[in-house]
Structures are given as C-alpha cells and as structure tokens.
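Enquirer: Please construct the entire structure, taking both the sequences and the accompanying hints into account.
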Amino acid sequence: MSEVIKIKKGLNIQLEGKADNVFGQANLPEHFAVKPTDFHGVVPKMAAKVGDKVKAGTVLFYDKNRPEIKFVSPVSGELLAVNRGERRRILEVVVKSDGADAAEQFETAKVGELSKEQVVEKLQAAGLWPFIRKRPYDVIANPEETPKAFFISGFDSSPLAPDYDFVLSGQEEAFQAGIDAIKRLCDNVHIGVRNDAASKVFKGLNGVTVHAVEGPHPAGNVGVQIHNAMPINKGEVVWVTQPQEVVAIGKLFTEGKYDANRVIVLAGSEVEKKGYFRTKLGASISTLVKDNVKDGNLRYISGNVLTGTQIEDDGYIGSYHSQVTVIPEGDYYEFMGWATPGFNKFSVSRSYFSWLCPKKEYRLDANMHGGLRSFVVSGEYDRVLPMDILPEFLFRAILVEDIDKMEQLGIYELAEEDVALCEFVCTSKQKLQSILRGGIDLMIKELS
Amino acid sequence: MKALRNLLDNIKPHVQKGAKFEKFHSTFDALETLFFVPNHTNKNGVHVRDAVDLKRTMALVVKALIPALLFGIWNVGYQHFIALGVDATFWMQVGHGALKVLPIVVVSYGVGLGVEFMFAQIRGHEVQEGFLVSGMLIPLIVPVDVPLWMVAVATIFAVVIGKEVFGGTGMNIWNPALVARAFLFFAYPSKMSGDQVWISGLTKGEGVVDGFSGATALGEAAAGSAPSASLMESFIGLIPGSIGETSTLAILIGALILIYTGIGSWKIMVSVFAGGYVMGLLFNLWGANPLMEVGALHHLCLGGFAFGAVFMATDPVSATRTEKGKWIYGFLIGFLAIMVRVFNPAYPEGVMLAILLMNTFAPLIDHYVVQGNIKRRLKRAKIAA
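Taken in order, these protein sequences are the chains called A and B.
The numbers in my numbering rise by one with no breaks, and the one at position 380 of the first sequence is 437.
The numbers in my numbering rise by one with no breaks, and the one at position 385 of the second sequence is 1660.
Calculated directly from the structure, the hints in this document are not laboratory data.
Just to be clear, a hint being listed does not mean it is correct.
Claimed, not checked - Now the stretches of chain B that chain A is said to cover, found in silico as 3 or more residues with beta-carbon under 8 angstroms:
hint, stretch
1, 1313-1326
2, 1332-1339
3, 1394-1408
4, 1528-1542
5, 1587-1594
6, 1648-1654
Claimed, not checked - Residues from chain B that face chain A, not an exhaustive set, calculated with beta carbons under 10 angstroms:
hint, residue
7, L1279
8, D1304
9, T1308
10, L1309
11, F1310
12, V1440
13, G1442
14, T1444
15, G1445
16, E1598
17, V1644
This one's a predicted model, so the numbers in the text were calculated from it and none came from an experiment.
Cβ atoms here follow ideal geometry from the backbone N, Cα and C, with glycine treated the same way.
Expert: Here it is, written out as structure tokens:
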C-alpha cells in the first residue's frame, strides 16, 4: 500500500435518513428502463422496435456516432415504449419484464488469453462498454485511446451514499475477475479505499495499486483521488468505473451473461424503511417507495442529493447510480427566512445559529434558499474542492468560452461531481455543474 | 404573515411583464423576496443548497456595522457638546447624534435603493443586495456636517458610475462606498477636510469654547504637533472624525462578527493591519516629522484605518479573489495607507486612496496568482512527459 492521501478540503453534509447496513425486502418492479440521457454525448439510435421480445443483454439502442457502443436491456420481456421529450429526443426506453430472467448467452473466456481488442469487443457486444468512462470529460471511454491508468474509487463519500464494503461482500471472486479483465485493457489499475475502513474486498485484490484516502467528501470522488495520486495532464487519459460495474464485467467473463444486478441503497429523511435492496439496473423505484415514504410533496432522486437526477415516484434508477434518495420538495415561501436565527438551517458559514450544534443531522429540502446572483463572495469554492485548481477562475473562463484558459486552469481534471459541493455552498446560487458541463461540451466540440 | 402572503399573491399578476403595472416588477420582486424567501427549488444540479444567500450575507455585514454606527451617533453628540463647552447627559449626546446621523443614513439608503430599483427594472434583473451594505457604509465614512444633498449626489454617483455602469453588483471594480467618498472629497474638498467639518455645528460657527480646534488627530500631526489624543482615547474612539470611523473598539467588534461567521476575510484584515504596522515602524525609525513619529500602533487606531481594513478592504467584489492574493492585497493597502497619510501634504489620510488604488490592482494580483497555478500545471505535465 502506498502512502495515505489526506484530503483536507471538503464538506460532509450531515443529512437525516442514513440507511443501516441491512437488506430490505422488495419485489422487483414490472418496468425497467435505460435512459440515454444518462450517457453524455450519446446520440441514441434504436436497434429494437416497440413490441419486440428482448432478453437481458439484447441491444436496445446504440450510439449513432459510434455504433459499436451498444446499450442493452437489463431484463427479459417486451420493449414496451420509447418515451420521447422535446424535439423527439429519446428519454427512456422502457422494457416490461416477464420475470423469466432469460439472458443472451455470451462466450465465457479466460481473460488471460485475450488481447485488449478482444476484451473490448466482448464488453461492447455485451453492452458493458458504457460503464467504462474516461477522464477528462467524464464520458464513455474511447477504446482507441491508451489510458495511462485505470482508476476505481472503492468508496462513495457523498451524502447518504452506499457502503461498498457492505454492498460487495460475497462478490470477491467476481470482483477479481472483473479486475483481471480490466487489466487486459490497461495494466495500471488503481483503487482508492477509505483509510479507516476494513475494505476486505479491495485489500485482498491481486494486481492493483491500492491508495488509502481519508477526509471529508469529495474524498470518494474518483476525480479527486486521481488528482492526488496522478494528476491528469493535457493529452492524458484515465479510465474509470464503479465497483458494482467491475463485478458485472467479471461475471460476463465467468458466466457469459450480462449481469444487471445491482444493490442500491434507499435513503433520505422522507423514507420510512431505509436500507439496501437487491434490484436491477434501470428498475422502476415504484416498488421501493410505495407505502414506504412520508406524506407531503416529495422529491425522488436517482443518485445522491448533490449529483443525482430528479425522477418521479415511478421513475427509473439511472445507469450509473447505486442510490435512491427521497427528500422534501421544499416549494414553499418562507417568511423572512433570511433573517431567522436558523437553528435548523445547514450552512458552511456560521451565519445561522446552527453552528451551535455541530453534530446535528439535517432534514434538507430542495428549496434554493435564495435567488440567483452574480459571483460576489470569494474563496467559498476553494474550501470544498481538494484540488490545486482555482474553481472561480475556471468558471469564469467557461462563461466567456475561453478554451485556452479552460485548459490551462485544469478543466481536464474535473467532472460535474467534483464541483457539486462548490455549487452547494455557493451564496449566489450559481448552477456550477451545468456551467462545467457546458465547458466540457465546448471542449469536446472544438477539439475533436 | 398569511395575510401578507395573500396580499402579495394578489398583487403579483398585475406587476408581471405585459401587465398594467409592469414598471414596478423589480420593486415588487425586491419587496416580495425581502418578506419571503421564494419557493424556487433546484431543478438540475444539486438538489440541496446551503441556507446562506446574499441577503443573509449582506444583512450580517450591516449587523456588524451597527456597533460602529451606535458609537458614531453617541460620539457626534459627545464631541458637539465638548466643542460648545456644555455639560450634557448621555441621552442629550445620543439625541443630538441621532438627529445628525440618521438623516444621512435615510438619504443614503433612499437615494441609493431608488437608483438600484430603477436599474434593476431597466435591465430586467432582480434587485441585488449589494447596496444594503454600501448604503450603510456611506454615512459612516463622511464627516457629520456634510450637507444632505451632497450625500444624495455622491450616492447617485457611486451607484451609477461606481457600480451600475460595470454591470451591477458583483461586477464593479471599486468599492462603491469609497467611490462616493472620493467623489465628495474631490468635488467638495472644503466640506470633507480641514478642522471644521468633523464636529457638528462648527461649520455654522456655533459658540465654541476658546482654544478648541476641532481638528482630527491626524490633522494635528500633519500641522506639526503631536496628536493630543492618547492611544487609549483613539482606540475607544473619543476623537473627532468621520461618523463611524473613530472607534477602533466598535470596529473590532464588527470584525469579530465578520470573521466568526466566515463572511469577512480574516486574511485581508490581518494583512492590512500588518502592512500598516510595518510602514508605521519604518516611519518611526525615520522620524523626520510629527506624523512619522506617531507610534505604529497609534497609526492603526487613527483616522479611517481600522474601518477601512475591516469593512472596506474586505469587500469581496473589489478585493482580490484568490486566497494568496488576499495577503498581498491587504498588506499593500495597509502599507500604502500609512505612506499616503504621511507624505500627502494636503490631506492627512490615506486609507481611502490606498484601498481604491489596490482595488484597481486587485485583478493584476489575481492574474499573477492564476498564472502561478497555470505554470504549476504545465510544469507537472513536463515532468510527467
């Protein structure tokens, strides 16, 4: 084990509604969906028609610009609907499950005997390639590039996040198989683990470099770990994936099946019975939250409260998410809210009296607590971004679309999740994640 | 509360775009958000937000200014009755001070907010809260006998030329309150300097006890005599001067509020005082005239130094925005303030000019800090390659 990466800047938002490490019981839902909007830069082109019978692993759609990147059904059943939004953009491809668990059969193989190209081909055929993403830009990896490393964050430090040590217990073999396959793609595999946790799954692995990381969120963000272990310079590429996706990759090679099984955590202040659930990618959350949430106007989030996507109470879990959070919507007017003592208000500044109780857990809602303003307060972002980057100047460069400056100020090292905390603390309520994505999209467009 | 909400909901449709009273949209919006934090929720990006907003931030700065304001009100009365040679009770002093100071506050806020609302309406923006602080700063940095119409003119100048021409709150180069003061100083110097303006009533020639000068401590030193106020008197603030600047003690209470809540930059405050102290020490060594001989610590308690360090230099918009830059920026303000103070023959105060000058150079300082970051990144790439 190499030396410990100590993260000093950051913030743990103390939210009410953390799930204990227990499994809950819930039936699998009838409907599953793959959402093309989860994958940045993908232009979906349908490969199956409504009414077609599909199996787990059957291709539903592919990327128009890179047809070899395919997206597959998580379950067997019938393609029920293609839901479109404005300008006929495909939002959801819904599959009605028949409960039979039939799956496309792929050839099992000893990864040791395969070349990089063969592994890539197998992952693409089975619809697993979209789970390998790259930095810079946080988009699906390009197999023609040669990454300098493959990085996996072994823990999630965001609010109410799943505990991967718990999620992965019992999956050690599949995880190692996944790592073996990944090593064919790039021999230099790194895993970041929490310094104070046991992390049995990760520490017992062969052929990886383990980095112990400690500190507050965003210590678990893979981008932060990469920055501290081996910062990305211009022209370099690092591929990343998430722990449960490594298991799925492993199972493709050992069992020959597309494995859509995921453990997700259901958490948040408005959930009655919180806990972990065994479900599948793209599952509707209806069976999880029905009769299991408190009254009131609620916000359902696929993912965590910082980076997740808002969904309906029968919406679908995002492809990269292992978490469902439910919080109050907060669409109320608050009388003189900015002038109250604010014992119940969470703030990084000590401008509300809640600093008197540092251990308190908060029931935060989705209210913005103010209106959009210009950048006024300085130095806020620096305190929650543990990277050698000047976030405010980078955002300004993005806003004026100055590509050179964006590059010089380190846009290659950032993904939206890394600046989510900056957005959280922003006094002026700026939408920093979408500003950053705008900058990244511009870089991709101009430099390709 | 409920009734007020209903009232606002009833008015709201009439001030929307295209409705009869759309001219009042910004005004209505400002009042509505003053009474009620809006029901807006996050749509994409983060789903939860820190409870702090610009209203809260600005309101806290105003709260931090209150000790200086209250002390200023009392001190105006206290100095007035000393000048008259009349024994007055505490409440007489406060009463006189309030009569003199509160109209200035009302004019500053009334005129400034009026201009802000107009600009917000023309631009179709929400009213931003920046002026909440500027409107309180302006009364505190003018001499008490300044005519109210001058305050009004200076405020309009500050808001329009100092802020709105650059794009409004968050875009300005200089601190608007200091722009107001600089405007007054250069346009009406006789009302902003000399021995007469600092104590209410002196300019009108009301009966003054024999031998009373009314000069500020710095004025005395510039004229060639050691300041008559002791260090302790200067620290507590029992001296003539602009309304809010005399009491270093009251200002430090404000500084504690700003630093503890995390709203004011302690780096800037500390480095301004450090810069001033170092320059003061250097002048003490030189010691060519009475101003140079004023103790370094004493310098920090005189004139507007402390007020400028705590409330003016820390304005995040016009200050440097990088953390390293803040040290340099603050130190140079303190350093230059004392230098200007000692070398300027016409007017023995340099804080205003030092801060305005460093406001101008803040982007340059930031530029070098940013270049440093860029160079580090490039160097890293070369090592890797």
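Enquirer: Are the hints correct? Go through all of them and say.
Expert: Taking the hints in turn, this is what the structure says about them:
1. 1313-1326: holds (count 14)
2. 1332-1339: holds (count 3)
3. 1394-1408: holds (count 4)
4. 1528-1542: holds (count 5)
5. 1587-1594: holds (count 3)
6. 1648-1654: holds (count 5)
7. L1279: 8 angstroms, holds
8. D1304: Holds, about 9 angstroms.
9. T1308: Nearest chain A Cβ about 6 angstroms off; hint holds.
10. L1309: L1309/B check passes; min Cβ-Cβ to chain A is 8 angstroms, inside 10 angstroms.
11. F1310: Hint holds; F1310/B Cβ to chain A Cβ min 6 angstroms, cut 10 angstroms.
12. V1440: Violated. Min distance 15 angstroms.
13. G1442: Holds, about 8 angstroms.
14. T1444: Nearest chain A Cβ about 6 angstroms off; hint holds.
15. G1445: Holds, because the Cβ-Cβ distance from G1445/B to chain A comes to roughly 3 angstroms (cut-off 10 angstroms).
16. E1598: 6 angstroms, holds
17. V1644: 8 angstroms, holds
Going through the hint list in order, the structure does not satisfy hint 12, though it satisfies all others.
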